[in-house]
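Visitor: For the record, the sequence lines run as chains A and B.
With the first letter of the first sequence counted as 1, position 180 gets the number 180 in this note's numbering; the numbers rise by one all the way through.
With the first letter of the second sequence counted as 1, position 356 gets the number 356 in this note's numbering; the numbers rise by one all the way through.
These aren't lab readings, by the way, just hints derived from the structure by calculation.
Every value quoted in this text rests on a predicted model; they were computed, and no experiment measured them.
Careful: at least some of the hints might be erroneous.
Calculated pairs, DSS-like style, for lysine-lysine (alpha carbon to alpha carbon, straight line, at most 27 Å) [claimed, not checked]:
#1 A:K189 / B:K6
#2 B:K240 / B:K6
#3 B:K6 / A:K186
#4 A:K162 / A:K186
Listed next, with one range per pair, are the computed distances between beta-carbon atoms [to be verified]:
#5 B:A327 / A:V265: 35 to 41 Å
#6 B:A354 / A:V166: 30 to 36 Å
#7 A:D178 / B:N221: 34 to 40 Å
#8 B:W50 / A:T60: 53 to 59 Å
#9 A:I117 / B:A198: 43 to 49 Å
#10 A:P268 / B:F241: 47 to 53 Å
#11 A:L79 / B:V282: 26 to 32 Å
#12 B:A13 / A:V214: 30 to 36 Å
#13 B:G145 / A:L245: 50 to 56 Å
Glycine is no exception: its CB is placed at the ideal position from the N, C-alpha and C atoms.
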Amino acid sequence: MDLGEINPVLLVASLMVAATPLLLAAIGELVVEKAGVLNLGVEGMMIVGAISGFAISVETGSPWLGFIASAIGGAVLSLLFVLLTQVALANQVASGLALTLFGLGFSALLGQSYVGIKPPSMGDIHIPVIGDIPVIGPILFQHDPILYVGIALTAAVWATLKYTRVGLILRAVGENHDAAHALGYKVIKIRIMAILFGGACAGLGGAYISLIRVPQWTEGMTAGVGWIALALVVFASWKPWRALLGAYLFGGITVLQLNLQAAGVAIPVEYLAMSPYIITILVLVILSADKSSAPAALGRTFHASH
Amino acid sequence: MIVLEKRPQPSKAWSYATPLVAVVATMVFGGLLFALLGKNPVEAIGTIFWEPLFGEFAFYYRPQLLVKGAPLVLIAIGLSLGFRAGIWNIGAEGQYIMGAIFGAGAGLAFYPLEAFYIFPIMVIAGAFGGWLWAMIPAFLKVRFGTNEILVSLMLVYVAEQMLASVSLGLLKNPEGFGFPGSRNLQSYDSAHNAELIAGSGMHWGVVTALIAVIFAYVLLNRHMLGFHIRLTGEAPRAAKFAGVNPARLILFCLGLSGMLAGLAGMFEVSGPAGQVSIDFNVGYGFTAIIVAFLGRLHPVGILLAGFLMALTYIGGEIAQSQLGLPAAAIQVFQGMLLFFLLAFDLLTNFRIRAARSEVA
Chain A
1 MDLGEINPVL
11 LVASLMVAAT
21 PLLLAAIGEL
31 VVEKAGVLNL
41 GVEGMMIVGA
51 ISGFAISVET
61 GSPWLGFIAS
71 AIGGAVLSLL
81 FVLLTQVALA
91 NQVASGLALT
101 LFGLGFSALL
111 GQSYVGIKPP
121 SMGDIHIPVI
131 GDIPVIGPIL
141 FQHDPILYVG
151 IALTAAVWAT
161 LKYTRVGLIL
171 RAVGENHDAA
181 HALGYKVIKI
191 RIMAILFGGA
201 CAGLGGAYIS
211 LIRVPQWTEG
221 MTAGVGWIAL
231 ALVVFASWKP
241 WRALLGAYLF
251 GGITVLQLNL
261 QAAGVAIPVE
271 YLAMSPYIIT
281 ILVLVILSAD
291 KSSAPAALGR
301 TFHASH
Chain B
1 MIVLEKRPQP
11 SKAWSYATPL
21 VAVVATMVFG
31 GLLFALLGKN
41 PVEAIGTIFW
51 EPLFGEFAFY
61 YRPQLLVKGA
71 PLVLIAIGLS
81 LGFRAGIWNI
91 GAEGQYIMGA
101 IFGAGAGLAF
111 YPLEAFYIFP
121 IMVIAGAFGG
131 WLWAMIPAFL
141 KVRFGTNEIL
151 VSLMLVYVAE
161 QMLASVSLGL
171 LKNPEGFGFP
181 GSRNLQSYDS
191 AHNAELIAGS
201 GMHWGVVTAL
211 IAVIFAYVLL
221 NRHMLGFHIR
231 LTGEAPRAAK
241 FAGVNPARLI
251 LFCLGLSGML
261 AGLAGMFEVS
271 GPAGQVSIDF
281 NVGYGFTAII
291 VAFLGRLHPV
301 GILLAGFLMA
311 LTYIGGEIAQ
321 SQLGLPAAAI
331 QVFQGMLLFF
341 LLAFDLLTNF
351 RIRAARSEVA
């Protein structure tokens, strides 16, 4: 065992990489839940995004096209959730589970011929002056572009929810859909847009795992990240910046336990590997006392009877 | 313009018909999927649904129906009670694993002693393992209001790591030449969950599944607790006024479903699977969610749905070896079934009408 081998700068830098898929998926789900919809299919949308992004970037050689395809893939799968919950008015919990079960199978089917292939690399941005600052440079300014997209998206969602009319309407729909309907807002339409946005974000998060973080394709490779993202939204009390903080916290735990595994700490590998899930549960327990910030109409089906 | 009109009462006829409609729709769209994969859709569907029952080797596949169906029914019965009351245990896969670990562990503790009491002890240990694992989300929900969906699911990943850990360490076969996995319980008579009638596929797990179906039926239709479960699901406010204790209900529903999932895992590990190994779990805990919904959360429905789902597993394996259909295609097929079921359920609760043009 040699803890000295763990380089703190690299650790923090890889923490940001590990956190990005979580952040992307959680920000998408946050918007969905703010609109009053609980989509438990994040894991399914992520894995479909992971394979569609992987397949397209291998076929075209362009990681950028891959990421666009992953967002489309995630959104298309979320369209099934739209059909079930907004058109057929089905139970949201059951529909979300269906999405995950279907997505896991469907991605495995699509991914058969992509096992063991290396995807084209996206390459890191190297910002000239600030990227060369010791310690801070490698941690903050030498990453792939999508990582910065994730942070920008967090800022955009925060600003939109807080300062714009669209954000206000979205929150109104999530707090009280009957009142929003009475005011003339198209509840279903707004929710559909939110669900599609959530699907696209989850897809991006999935592709980040298969194209940058790992990078390769294996069946079921998201391994619960989608579920942790769901927990993260609760952790964040539906606030974007807290989701960012939470994602870095969970990313940190993941990276730390991987580093400890590599360093050969006396704790068995299996116990280290289960730690992110156990910590998620602990965090949920600590934070579940306060439910006041949850959107009031979360998970409730809306049907305009007149 | 088409509008949906809420029915005053859910339609009885449609509630029976939707699972059948969903199965037919899945066959059609599944066939399309198989055609896209370059297989003959009629042949593929025929292989999945006909071959195991009436094909040339049906004598071999029919017992498999019981072997695969029993754990699905056992788990789905437990899940359905909670689902009815709006208590979502989706971590049955983890409880199934813990049941297997506890059950096999209890049996192996006695090795090589042969005694009649070993198997009953294993049954109790398996049930206890599943119960214990389900009590974690139950306790956290009752005490802290933590979301049981997320906690029970996170515990699946924890249980999978536990499984890897015990197959490589605690329960590893000391005479296994270093290979991961426990001793084979099939060759340890006192711990072996053998077929009760040779060649029938009937083992103790099948018997327990049938008992669970009857138990759930009686509970839901003839017992106050069953009435409270139904009341909480259908009219939560009325349940509150009727004095239903939600904490008791959560502990009961999660505990019972964990116990049944644990039993399923224990019967599987001591019978068909034979040993604790890293890849012991094959997703029964998740498929059972589909079974519970397909069976309309009704015990008899679940029994039928369980065997239909077992059929797709076995038929899928046949289609895999005979037609080269990918294993994942069957997973998609099963997922599709849940989709169509949820979608067609609209017809149970709503009427579809052409809207009359109203004069403003």
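Visitor: All hints, please: hold or fail.
Guide: So, going through the hints one by one against the coordinates:
no.	hint	result
1	A:K189 / B:K6	holds, 20 Å
2	B:K240 / B:K6	holds, 25 Å
3	B:K6 / A:K186	holds, 20 Å
4	A:K162 / A:K186	holds, 20 Å
5	B:A327 / A:V265: 35 to 41 Å	holds, 37 Å
6	B:A354 / A:V166: 30 to 36 Å	holds, 34 Å
7	A:D178 / B:N221: 34 to 40 Å	holds, 36 Å
8	B:W50 / A:T60: 53 to 59 Å	violated, 42 Å
9	A:I117 / B:A198: 43 to 49 Å	holds, 48 Å
10	A:P268 / B:F241: 47 to 53 Å	holds, 51 Å
11	A:L79 / B:V282: 26 to 32 Å	holds, 30 Å
12	B:A13 / A:V214: 30 to 36 Å	violated, 50 Å
13	B:G145 / A:L245: 50 to 56 Å	violated, 23 Å
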